[in-house]
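All chains, full assembly: derive it from the sequences and hints.
So the sequences go chain by chain: A and B. If you read the first sequence in our numbering, its first letter stands for residue 1, the second for the next number, and so on. If you read the second sequence in our numbering, its first letter stands for residue 1, the second for the next number, and so on.
Calculated directly from the structure, the hints in this document are not laboratory data. Backbone N, C-alpha and C define an ideal beta-carbon position, used for all residues, glycine too. Honestly, I wouldn't trust all of these hints.
Here are some of the chain A residues that sit facing chain B, going by a computed Cβ distance under 8 Å [stated by the list, open to error]:
1. Glu87
2. Asn103
3. Gly317
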Amino acid sequence: MTTTTRLMAATAVLALAAPAFADTSERRIALSNNYAGNSWRQAMLESWTKVTGQAVTDGVVAAADAFTTAENQATEQAAQIQNMILEGYDAIVLNAASPTALNGAVREACDAGIVVVSFDGIVTEPCAYRIAVDFKEMGRKQVEYLSGRMPEGGNLLEIRGLAGVFVDDEISAGIHAGVEQFPQFSIAGSVHGDWAQDVAQRAVAGILPSLPDDIVGVVTQGGDGYGAAQAFAAAGRTMPVIIMGNRQDELQWWKEQRDANGYETMSVSIAPGVSTLAFWVAQQVLDGQQVPQDLIVPFLEINQDGLDAALETTPAGGVANVEYTLDDAKAVIAKGGSAN
Amino acid sequence: MKGIDLRLALPVLSLAVLLGAVFWMQPRAMSYTGLNLLFNLAVPIALATIAQMLVIMVDDIDLSIGTYVSFCACVTATLLHDTPVVGILVLAAGVGVYAALGALIELQKLPAIVVTLGMSFVWGGLAVLLLPAPGGASPDWITTIMKARPPLMPMAIVACILLALASHLLVTRSAMGTLLRGVGGNARSVARAGWSVVRLRALAYGLAGVFGVLSGMALVGLATSADANIALRYTLLSIAGVILGGGEFTGGRVSPVGAVIGALTLTLAGSFLTFIRLSPDWQIGAQGVILILVLAARLLVRRRRTA
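What follows is the structure, encoded as structure tokens:
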């Protein structure tokens, strides 16, 4: 062992021993985003601007610039990431156009010593951090909630998303796993609502006549709960427990029902503010903290007590959102670490 | 001779101006690694642009090159990686289909724009069939070539210079290239001179197919894996690159060196817009403005010459 390697080893040990020592106030973080064309993405960018703007003002980091590609194409985003390397950013937070086609550019960034944190649209390159959504759990949780409300079980109606999309398969697999776990429930029918209220309303109205009278719950994927409620109301059926998906119209309807007849349900989805979670994770990595490569996004759950507060902060036509704090990120990191 | 010089002067000048602006804004780019990062994604675009140029040279236009390159990328990342022999056969079949399309377009006097638009859906469908979910892996030898670090100049620049030289020799200097440009200039006189235009058009398309394959391979080498939609932008980028590089839609007037420079200019324009922090809402428009400026400059130069 030469003196230099010994010195390096000593520094490495020191760095491990004193993880909170690194200062990130001179560090610059960039957001590489592939698409901004819907309300979820708009909310995501707004949350980023709000939280990172504050972090820059507070001197936590030196800069946190957001970049969105114009055409939602992987090659374009790869070029964007390479430009970020050139601009000397210390970390890149990434919502990727493709899980694989950016791997080359991500590798270049890692080789240049840049921390890459992908979220929502994650990348498979091993050197990047991934903050993924556990869609299966999102489906399973709904059945679990229903089993708490109705221990005796019953018939369920499943509203699926857009056929052939990975997210639809995952959530549905989770719901079916939930039914297996709580066998007192059975799925009496399932329709595709395409994550849109009007499509869901038509689909549910179409299947209702063929369903048994005792549908006790509707398991959903988000963006379809309000449509399902309209269809049940129009058919003059008893209103089942419909799981909501954090959309403003769904929350509004839930509140009206609660005020009128004490209707109870829950609502679950992913908050667009997950971009801010990714920001804090990147900051923590720059700070020298031990962070597992794979983390799971917490769901944003709204229960009966939180309904009014959630509805107040959700813009009409929007999605309930939450911005994450440094402490939230630390909690997610700690949880991800123990799960591995 | 003077005409060719002028035709090339403008693309070179626009590239130099943009490069100067990028260096001024981001001095870090003025290094071996910097230049490589700036230009390595231009290599597959330049290859696709040469493919497009070969088709434009015979007075046609290829609207399927983007999906074709995506398809080649998917073959490279799956079949060529797992079973090289099958991969080579499939890629060769792709080139064969391109040549057959050229012959078909000539024989039936079909509009190339319609045939290639139709084919773009075929290539896109095949790419999705091969790779329903993004993935695959780059064959090691391609990655080694694309990520090589030759002395003096970064790989991206070396590759572009080699490509410009090779296509210049092929198109401008060889007897075959002269004939092909003749097809674009005046197909009837080429036919009267005793050549088979069917065969020549098939040759032009077949060559385009070869450059498309190379583009897909280069892209996978850089990205390390593929996606069925990986190169959709290339259709428009390649057409813009040819025109930016001094080529014209009719008359067999194309410049291979110009086309490579055009591809580099377009890539650089994208980086330039990122560096000046232009909002993405304006970026496509701004890229269009850069294109229009260069074309307007070309028109002015030509008008002065004829005046």
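Now for the hints, and whether the structure bears them out:
1. Glu87: 6 Å, holds
2. Asn103: OK, holds: Asn103(A) within 8 Å of chain B, min 4 Å.
3. Gly317: 20 Å, violated
Going down the numbered hints, you'll see the structure goes against just number 3.
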